[in-house]
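Student: Chain by chain, the residues run as shown.
Number of protein chains: 2
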Amino acid sequence: MTKVFDAELAELKEKLLFMGGLVQNMIRLSIKSLVERNEYMETEVFFNENEVNALQIEIDDRCLKLIALNQPAGIDLRFITSAMKINSELERIGDQAINIAEASKELLKSPQLKKLIDIPFMADIAKLMVKHCLDSFVRKDAGLAREVLAMDNQVDGLKEQIFRELLTYMISETKYIPVALELILISRHLERIGDHATNIAEDVIFMVQGEDVRHHRFP
Amino acid sequence: MTKVFDAELAELKEKLLFMGGLVQNMIRLSIKSLVERNEYMETEVFFNENEVNALQIEIDDRCLKLIALNQPAGIDLRFITSAMKINSELERIGDQAINIAEASKELLKSPQLKKLIDIPFMADIAKLMVKHCLDSFVRKDAGLAREVLAMDNQVDGLKEQIFRELLTYMISETKYIPVALELILISRHLERIGDHATNIAEDVIFMVQGEDVRHHRFP
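Residue numbers (our numbering), protein chains in the order written: chain H, 85 to 303; chain L, 85 to 303.
Fair warning: there could be bad hints in the mix.
To be verified - Capping the alpha-carbon separation at 27 Å, the derived lysine-lysine pairs in DSS-like fashion look like this:
(1) H/K169 to L/K189
(2) L/K193 to H/K149
(3) H/K97 to L/K189
(4) H/K189 to L/K243
(5) L/K169 to H/K169
(6) L/K193 to L/K259
(7) H/K243 to L/K259
(8) L/K169 to H/K224
(9) L/K149 to H/K259
(10) H/K149 to L/K169
(11) H/K169 to L/K199
(12) H/K259 to L/K259
(13) L/K169 to H/K99
(14) H/K243 to L/K243
(15) H/K149 to L/K149
(16) L/K189 to H/K243
(17) L/K215 to H/K169
(18) H/K169 to L/K224
(19) L/K169 to H/K215
(20) L/K193 to H/K243
(21) L/K97 to H/K87
(22) L/K199 to L/K224
(23) H/K97 to L/K169
(24) L/K97 to H/K169
(25) L/K243 to H/K193
(26) L/K149 to H/K224
(27) H/K259 to L/K97
(28) H/K224 to H/K116
(29) L/K259 to H/K198
(30) L/K198 to H/K149
(31) H/K199 to L/K116
(32) H/K149 to L/K215
By construction, these hints were calculated from the structure, which means they are not laboratory data. On a predicted model such as this, the values are computed, not experimentally measured, just so you know.
If we strip away everything but chain H, and leave its shape as in the complex, we get (with noise of 0.2 Å):
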């Protein structure tokens, strides 16, 4: 392939990466805003999503470009369609933050239910999956991949967590009702943006390595 598509591949990676910031910022003010109970930062949320509605078209856009006007094949071809993939994903992370935000936005209508630490951990954890999932695709690097897959145990540990402790309170005191769903609610978004990291990571071993982990069909 030539230089002028070395270049383009590069800027490919690089308005992903700058994408990837984008919703890892989101994912971080919408849980600030949940916990601080800062309406602010909601507004931030929904600022960045415009962003990364638009990077999302040029993405998709670019990678149709590259493989029309350069015929590639092989691990080329396996780049561009995957970035199309992480696109797709990567806007889909947005959205959960958005949807959190939006919750969050619900909750400040009623008091505090309690001091929030699973859900920000929870958060935290999937905020590095995305992260890692992009530095995995631009490094090629099939390693970092498995590390998210793994972090993904961990994110659905604390969704069953969170479930029971909220549950408890649910049951304990009706008026908590609305709230610990509310929460609850989060925590599930918060458990599609592992979902969506993960299936950017199992996207990079395939193409990495050839291996179609989609279907965990290896340990």
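Following the hints, position chain L against chain H.
Tutor: Frame of chain H; chain L shown alone:
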């Protein structure tokens, strides 16, 4: 493009339609198992999932080969990259049906809360959305794809209605909380099925008309 290429595109369509049939069946069975409290049907859902997973890998592989060997551009290239996206969406719809089947199994441990009406109704719409979005893809019918977008609003309305009703149950009697909570989560899985179908429909509109509806730039 060659006749062989056209035949391969037709085969790709058929594979996607077949996979779509499988996931529609998974939705139907998972909800039937919930309504009829029948564990046997859940097993069927898990059985279908294996086939869906195998198809996902096969279709992805076909698409990559089609691009690498035929170097298509324009609408043909967009059709194949859309097929790759649709393939992922269908697999995730299957995952949601699995989530519903698992929740239904869990619910067998508790007595029934109420006769379920809105959830099966919501499932019917979601299933029809999957059918329509696939039909719109193979026929390149943007009008039908737009109908899917309209149906998604209906699904979201039902989700809200189900949430409010079940919240009332939870508040009325503490013992209803675990079951009502599980039903709320099932309605969220159905909502996500609707979202996946919407993603497909938006991609079809983009493929056919070159319009980007993914971020609702027009009414």
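Student: For every hint, state whether the structure bears it out.
Tutor: Here is what the structure says about each hint:
1. H/K169 to L/K189: violated (33 Å)
2. L/K193 to H/K149: violated (54 Å)
3. H/K97 to L/K189: Violated, at about 44 Å.
4. H/K189 to L/K243: holds (19 Å)
5. L/K169 to H/K169: Answer holds: L/K169 to H/K169 is near 7 Å, not above 27 Å.
6. L/K193 to L/K259: holds (13 Å)
7. H/K243 to L/K259: holds (22 Å)
8. L/K169 to H/K224: holds (22 Å)
9. L/K149 to H/K259: violated (58 Å)
10. H/K149 to L/K169: holds (17 Å)
11. H/K169 to L/K199: Distance ~41 Å between H/K169 and L/K199 Cα, so the pair is violated.
12. H/K259 to L/K259: Judged against 27 Å, a Cα distance of about 14 Å means the pair holds.
13. L/K169 to H/K99: holds (20 Å)
14. H/K243 to L/K243: Distance ~22 Å between H/K243 and L/K243 Cα, so the pair holds.
15. H/K149 to L/K149: It holds: about 18 Å lies between the C-alpha atoms, which stays within 27 Å.
16. L/K189 to H/K243: Within the cut-off at roughly 19 Å; holds.
17. L/K215 to H/K169: Holds - the C-alpha atoms of H/K169 and L/K215 are around 23 Å apart, at most 27 Å.
18. H/K169 to L/K224: This hinted pair holds, its Cα atoms lying about 22 Å apart.
19. L/K169 to H/K215: Between L/K169 and H/K215 the Cα gap is close to 23 Å, so the pair holds against 27 Å.
20. L/K193 to H/K243: Holds. L/K193 to H/K243 sits at ~21 Å (cutoff 27 Å).
21. L/K97 to H/K87: violated (36 Å)
22. L/K199 to L/K224: violated (40 Å)
23. H/K97 to L/K169: holds (20 Å)
24. L/K97 to H/K169: Holds: L/K97 and H/K169 sit about 20 Å apart, inside 27 Å.
25. L/K243 to H/K193: Distance of about 21 Å is within 27 Å: holds.
26. L/K149 to H/K224: holds (21 Å)
27. H/K259 to L/K97: violated (52 Å)
28. H/K224 to H/K116: With a Cα-Cα distance of about 32 Å, the restraint between H/K224 and H/K116 is violated, given a limit of 27 Å.
29. L/K259 to H/K198: holds (23 Å)
30. L/K198 to H/K149: Not satisfied, since the Cα-Cα distance of roughly 54 Å exceeds 27 Å.
31. H/K199 to L/K116: violated (41 Å)
32. H/K149 to L/K215: Violated, because 30 Å separates the two Cα atoms, which is more than 27 Å.
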